[in-house]
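2 protein chains.
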Amino acid sequence: MVETTRRARGGGGAARRAARSAVSFETARFIERNIPNFEVLTEEALQIIETNAETILEEVGVNFPDNPPALQRWRDAGADVQGDRVRIPRGLARKLCETAPATFTQHARNTARNVEIGGNNLVLAPVYGPPFVRDAAGGRRYATMADFRKFVKLGYMSKWLHHSGGTVCEPTDVAVNKRHLDMLHAHMTLSDKPFMGSVTEPSRAQDSVDMAGILFGKDFVQQNTVMTSLININSPMTFDDVMMGALEVYAQNNQACIVSPFVVGGAMAPVSVAGTLTQVLAEGLAGIAYSQLCKPGAPVILGAFVTSIDMNSGAPTFGTPEASHITYGMGQLARRLKLPYRSAGSFCGSKLPDAQAAYETANSLNMGLLAGVNFMLHACGWLEGGLVSSFEKFVMDADQLGALHHFARGVAVDENAQAMDAIREVGPGGHFLGCAHTQANFKEAFWKSDLLDYKPFETWEDEGARDTQTLAAARIEKMLGDYQQPALDPAIAEALDAFVAERKAAEPDSFM
Amino acid sequence: MVETTRRARGGGGAARRAARSAVSFETARFIERNIPNFEVLTEEALQIIETNAETILEEVGVNFPDNPPALQRWRDAGADVQGDRVRIPRGLARKLCETAPATFTQHARNTARNVEIGGNNLVLAPVYGPPFVRDAAGGRRYATMADFRKFVKLGYMSKWLHHSGGTVCEPTDVAVNKRHLDMLHAHMTLSDKPFMGSVTEPSRAQDSVDMAGILFGKDFVQQNTVMTSLININSPMTFDDVMMGALEVYAQNNQACIVSPFVVGGAMAPVSVAGTLTQVLAEGLAGIAYSQLCKPGAPVILGAFVTSIDMNSGAPTFGTPEASHITYGMGQLARRLKLPYRSAGSFCGSKLPDAQAAYETANSLNMGLLAGVNFMLHACGWLEGGLVSSFEKFVMDADQLGALHHFARGVAVDENAQAMDAIREVGPGGHFLGCAHTQANFKEAFWKSDLLDYKPFETWEDEGARDTQTLAAARIEKMLGDYQQPALDPAIAEALDAFVAERKAAEPDSFM
Numbered sequence: 001m002v003e004t005t006r007r008a009r010g011g012g013g014a015a016r017r018a019a020r021s022a023v024s025f026e027t028a029r030f031i032e033r034n035i036p037n038f039e040v041l042t043e044e045a046l047q048i049i050e051t052n053a054e055t056i057l058e059e060v061g062v063n064f065p066d067n068p069p070a071l072q073r074w075r076d077a078g079a080d081v082q083g084d085r086v087r088i089p090r091g092l093a094r095k096l097c098e099t100a101p102a103t104f105t106q107h108a109r110n111t112a113r114n115v116e117i118g119g120n121n122l123v124l125a126p127v128y129g130p131p132f133v134r135d136a137a138g139g140r141r142y143a144t145m146a147d148f149r150k151f152v153k154l155g156y157m158s159k160w161l162h163h164s165g166g167t168v169c170e171p172t173d174v175a176v177n178k179r180h181l182d183m184l185h186a187h188m189t190l191s192d193k194p195f196m197g198s199v200t201e202p203s204r205a206q207d208s209v210d211m212a213g214i215l216f217g218k219d220f221v222q223q224n225t226v227m228t229s230l231i232n233i234n235s236p237m238t239f240d241d242v243m244m245g246a247l248e249v250y251a252q253n254n255q256a257c258i259v260s261p262f263v264v265g266g267a268m269a270p271v272s273v274a275g276t277l278t279q280v281l282a283e284g285l286a287g288i289a290y291s292q293l294c295k296p297g298a299p300v301i302l303g304a305f306v307t308s309i310d311m312n313s314g315a316p317t318f319g320t321p322e323a324s325h326i327t328y329g330m331g332q333l334a335r336r337l338k339l340p341y342r343s344a345g346s347f348c349g350s351k352l353p354d355a356q357a358a359y360e361t362a363n364s365l366n367m368g369l370l371a372g373v374n375f376m377l378h379a380c381g382w383l384e385g386g387l388v389s390s391f392e393k394f395v396m397d398a399d400q401l402g403a404l405h406h407f408a409r410g411v412a413v414d415e416n417a418q419a420m421d422a423i424r425e426v427g428p429g430g431h432f433l434g435c436a437h438t439q440a441n442f443k444e445a446f447w448k449s450d451l452l453d454y455k456p457f458e459t460w461e462d463e464g465a466r467d468t469q470t471l472a473a474a475r476i477e478k479m480l481g482d483y484q485q486p487a488l489d490p491a492i493a494e495a496l497d498a499f500v501a502e503r504k505a506a507e508p509d510s511f512m
Numbered sequence: 001m002v003e004t005t006r007r008a009r010g011g012g013g014a015a016r017r018a019a020r021s022a023v024s025f026e027t028a029r030f031i032e033r034n035i036p037n038f039e040v041l042t043e044e045a046l047q048i049i050e051t052n053a054e055t056i057l058e059e060v061g062v063n064f065p066d067n068p069p070a071l072q073r074w075r076d077a078g079a080d081v082q083g084d085r086v087r088i089p090r091g092l093a094r095k096l097c098e099t100a101p102a103t104f105t106q107h108a109r110n111t112a113r114n115v116e117i118g119g120n121n122l123v124l125a126p127v128y129g130p131p132f133v134r135d136a137a138g139g140r141r142y143a144t145m146a147d148f149r150k151f152v153k154l155g156y157m158s159k160w161l162h163h164s165g166g167t168v169c170e171p172t173d174v175a176v177n178k179r180h181l182d183m184l185h186a187h188m189t190l191s192d193k194p195f196m197g198s199v200t201e202p203s204r205a206q207d208s209v210d211m212a213g214i215l216f217g218k219d220f221v222q223q224n225t226v227m228t229s230l231i232n233i234n235s236p237m238t239f240d241d242v243m244m245g246a247l248e249v250y251a252q253n254n255q256a257c258i259v260s261p262f263v264v265g266g267a268m269a270p271v272s273v274a275g276t277l278t279q280v281l282a283e284g285l286a287g288i289a290y291s292q293l294c295k296p297g298a299p300v301i302l303g304a305f306v307t308s309i310d311m312n313s314g315a316p317t318f319g320t321p322e323a324s325h326i327t328y329g330m331g332q333l334a335r336r337l338k339l340p341y342r343s344a345g346s347f348c349g350s351k352l353p354d355a356q357a358a359y360e361t362a363n364s365l366n367m368g369l370l371a372g373v374n375f376m377l378h379a380c381g382w383l384e385g386g387l388v389s390s391f392e393k394f395v396m397d398a399d400q401l402g403a404l405h406h407f408a409r410g411v412a413v414d415e416n417a418q419a420m421d422a423i424r425e426v427g428p429g430g431h432f433l434g435c436a437h438t439q440a441n442f443k444e445a446f447w448k449s450d451l452l453d454y455k456p457f458e459t460w461e462d463e464g465a466r467d468t469q470t471l472a473a474a475r476i477e478k479m480l481g482d483y484q485q486p487a488l489d490p491a492i493a494e495a496l497d498a499f500v501a502e503r504k505a506a507e508p509d510s511f512m
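One line per chain: the protein sequences are V and Z, in this order. The letter at position 280 of the first sequence is residue 280 when you use UniProt numbering, and the numbering goes up by one with no holes. The letter at position 189 of the second sequence is residue 189 when you use UniProt numbering, and the numbering goes up by one with no holes.
FYI, nobody ran anything at the bench for these hints, they're computed from the structure. It is possible that some hints are incorrect.
To be verified - Examples of chain V residues lying across from chain Z (beta carbon under 8 Å, computed):
id, residue
1, F38
2, L41
3, V62
4, P202
5, S203
6, T238
7, V242
8, G245
9, A315
10, M420
11, N441
12, P456
13, G464
14, D467
15, M479
Positions of the beta carbon are idealized from the N, C-alpha and C atoms, including for glycine.
Generate coordinates for the entire structure from the input sequences, incorporating the hints supplied.
Structural data, given as structure tokens:
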């Protein structure tokens with residue numbers, strides 16, 4: 001725990017109202033990679049895929065159903081529009097993508113927690129979307145708003161998590177048309193990390209922008225990006241009008257979107273890696289281009305959510321080598337487009353936070369780091385193919401994210417790191433535990449898990465022979481016990497409360 | 001299960017005796033990487049580390065205690081020998097390493113299971129050395145010869161495991177001076193994959209060579225490498241006379257050794273990555289050079305077993321980012337020496353085959369593949385910092401090795417892989433499950449686990465809500481039930497039995 005002083009931000013009336021000290025908890029700065037990217041595709045392969053993606057856009061095209069304004073935008077830009085189908089001349093989508101920024105800042109209300117998205121950076125955000133939650137004590141059950149608030153608190157207390165995320169679980173006890181208000185309220189008041197907006201209706205995107213205006217000040221929001229929201233593409237090559245409506249709201253308000261094909265390879269894309277990459281690139285190009293048609297220069301992230309399918313059961317599979325190929329390959333393609341890249345996460349198919357879950361998740365997290373991902377949604381807490389947000393897995397994965405931070409630092413070779421004096425001092429047959437170099441450096445030398453067990457067998461047995469899930473359950477209790485809400489100007493808090501109450505009163509509950 | 005015909009090998013009387021069909025089980029060919037290596041060190045860093053390693057060898061030197069013949073070899077080669085200390089002039093060790101082959105073949109008695117060690121290849125071998133075993137049914141206990149045989153059978157039945165290994169667990173119910181005979185006998189008769197020899201005494205290395213002579217034919221063994229054995233260096237910079245005696249036996253009989261510093265960073269090496277790399281390189285250079293002094297051209301592998309230490313408990317830690325840095329860095333240094341490289345494995349500190357074990361193991365396995373490791377000892381079954389061979393984790397890890405095989409294939413971009421016809425056929429809004437390309441390719445498209453659970457939640461729950469360990473226990477029973485001993489010429493089997501009986505009768509049991 002560290003004492004920080006909350007500074008007034010540059011813009012916005014809200015920000016100027018008060019500057020007072022508050023209890024905060026340490027959060028690592030976003031990862032700035034000092035390591036190379038791993039590149040699985042050759043130059044020849046990249047060119048083939050890029051050429052084929054343009055061929056798909058030109059010959060097959062993409063659908064923008066039920067969306068006359070979008071079709072008109074495409075027509076005006078020079079595309080061939082027939083019915084819902086938009087065929088994009090070779091090179092046009094790529095050209096339109098050029099106005100998207102290569103990097104942008106997403107502001108947090110605690111300015112120390114602003115994140116830079118793009119370049120060599122990696123920003124880590126929690127699981128998004130599951131309708132169920134699971135913990136060891138209560139098993140698997142539908143998620144509620146109380147669960148949601150617990151996850152936001154855990155995210156706030158997680159040192160290696162830079163972002164509070166969005167729908168960390170789907171609060172099924174709140175009406176579908178109102179839950180976005182409670183979710184945003186939780187992110188804004190229980191955490192001071194950056195967060196995501198609602199995308200389930202354009203009006204909910206507008207609510208998100210309005211609430212951000214209360215939190216940051218309206219002018220500040222128009223001038224700065226304070227939300228990054230998830231816009232999925234219905235693969236293959238279909239752009240849902242609701243999602244596109246939300247994208248439009250965000251783009252026109254200078255807020256960022258992740259434009260992300262959602263692909264289970266073999267079902268929504270070809271059963272081959274190169275074919276899937278081609279389709280995902282085509283979809284990404286069309287989606288990013290559309291965001292720039294809505295507002296040139298709007299901040300945007302090229303996403304790729306890709307899994308393979310188990311051809312026996314039809315279930316999606318995670319942490320697989322084919323998903324890795326695609327994630328590495330899309331990283332290369334995104335860098336050639338100079339676009340921030342979203343992929344990877346704590347993906348797993350397992351029903352429990354067990355060894356299967358951890359193998360699959362570690363495969364994906366490691367790949368995400370080395371693939372040059374810039375924004376990793378689902379970086380902790382994902383379980384059961386995304387149907388479940390797991391409390392224990394949330395803190396287990398969040399702990400592993402520390403290893404990514406340390407690995408990304410690369411290898412120092414300054415004189416202290418060379419340690420020649422230590423080797424000379426200790427010599428053959430000695431040991432380094434007490435030498436001067438070790439004493440001077442051991443505290444910072446190695447990443448240290450805050451969760452995993454390294455104790456001697458006998459100690460571990462005396463303490464109850466706890467497995468990782470059991471250790472995680474204890475850590476959750478500790479974190480929630482230590483949690484303290486970050487300070488917020490009471491006037492802002494009241495205004496947020498009032499906005500939520502007013503919007504809830506304006507229409508009847510809907511659970512559809 | 002596949003029917004294979006056992007062919008007579010080129011050399012050796014044993015091989016010529018019979019060629020008859022036998023039941024065998026499918027084993028994947030060793031991995032031939034079609035992907036780049038990940039390189040964490042810059043050229044400048046590599047040069048600093050190489051220069052410093054030579055400085056260590058020249059100024060500090062290495063110890064060869066209690067070993068006058070070794071000291072004489074070094075003196076004759078031009079080193080400065082004072083007492084046990086050998087100071088090696090700059091460039092001499094590197095020069096001596098040049099006679100070591102860049103790649104070599106380790107022969108198996110089933111020639112289809114020969115492995116090529118070096119180059120772009122990766123050979124996977126099981127856990128080595130633990131005095132304990134664990135399974136869900138019996139808990140943690142001292143290992144016995146019965147456990148050992150079970151592991152050899154599981155290794156034989158594991159499709160993604162290329163090698164039968166050596167001391168898959170330490171059979172503590174057999175006398176220390178005799179257990180190597182039973183272990184070799186098990187590898188030779190219960191499996192037909194390549195295996196390792198004994199290193200605990202030079203006489204036991206000679207027994208290994210003699211038993212290999214019975215299995216392969218004496219002449220064949222002199223002309224071909226049939227064993228790869230593990231020679232640890234006592235870091236820092238001490239070369240044990242027993243290990244060096246075993247190395248000498250193997251080198252002079254054309255058998256391969258892995259010369260491997262065994263380092264817990266912070267204890268046996270400096271607390272920094274660059275310092276540890278410097279020391280490990282110096283030790284490796286001295287050890288490989290010594291193997292070439294024993295016999296120029298002897299096949300050898302440069303090893304690096306490196307973990308970091310938990311500075312609170314003093315326990316070694318596994319799957320950490322610093323261990324990854326070192327493993328990647330040593331891969332680069334080994335390739336610059338044109339030497340085969342051994343590192344990584346199913347390392348973990350966990351007491352149970354739980355999520356901690358799987359995170360740590362997956363971190364290490366992924367790193368091993370991308371680091372360019374050529375021989376991965378401990379690729380499955382390691383638990384509790386190497387104190388325990390876990391039956392369940394053996395099959396869990398062995399299943400994950402399949403993912404390494406598929407990832408290493410890289411990304412095909414031939415016309416079929418491009419799948420343009422499929423994308424054209426399906427079009428926007430369709431699905432690929434039934435299309436011609438999917439039907440033609442789905443069987444080979446994706447790696448499929450033989451262990452992990454992808455079933456719907458309800459099915460999984462109806463089947464008992466099994467976690468990975470429980471699934472693995474069931475798989476062990478199945479594998480051992482299906483196991484059939486590979487055919488062996490009865491005359492060879494009798495000769496091996498007789499050799500073991502004779503050597504056991506020749507001296508009293510020792511448990512020291």
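Exercise. Can we keep the V:P456 interface hint, with Cβ of chain Z closer than 8 Å?
Worked result: With Cβ-Cβ at 7 Å, under 8 Å, it holds.
For this session: May I ask you to test the interface hint for V:G245 with respect to chain Z, counting a Cβ-Cβ separation under 8 Å as satisfied?
Result: Violated, about 19 Å.
For this session: So, V:L41 near chain Z? Judge it on the closest CB pair being under 8 Å.
Result: holds, 6 Å
For this session: Answer holds if the nearest beta-carbon of chain Z is closer than 8 Å to that of V:M420; otherwise answer violated.
Result: This hint holds: V:M420 lies near chain Z, its Cβ roughly 6 Å from the closest one there, short of 8 Å.
For this session: Answer holds if the nearest beta-carbon of chain Z is closer than 8 Å to that of V:A315; otherwise answer violated.
Result: holds, 4 Å
Exercise. Can the hint on V:P202 be confirmed by a CB-to-CB distance to chain Z that is less than 8 Å?
Worked result: With a closest approach of 22 Å, the V:P202 hint is violated.
Exercise. Taking 8 Å as the limit, does the beta-carbon of V:T238 come near enough to a beta-carbon in chain Z?
Worked result: Constraint on V:T238 satisfied, holds at 5 Å.
For this session: Tell me if V:D467 is really an interface residue toward chain Z, meaning its C-beta lies closer than 8 Å to one of theirs.
Result: Nearest chain Z Cβ about 4 Å off; hint holds.
Problem set entry | Hint status (Cβ of V:S203 to nearest Cβ of chain Z, threshold 8 Å) | violated, 25 Å
Exercise. Should the hint that V:V242 touches chain Z count as held when the rule is a Cβ pair under 8 Å?
Worked result: Violated. Min distance 15 Å.
Problem set entry | Given hint V:M479 near chain Z, where the shortest CB pair must fall under 8 Å | Given a least distance of 18 Å, the restraint on V:M479 is violated.
Exercise. Any CB of chain Z closer than 8 Å to the CB of V:F38?
Worked result: Nearest chain Z Cβ about 5 Å off; hint holds.
Hints 4, 5, 7, 8, 13 and 15, counting from the list given before, are not met by this structure.
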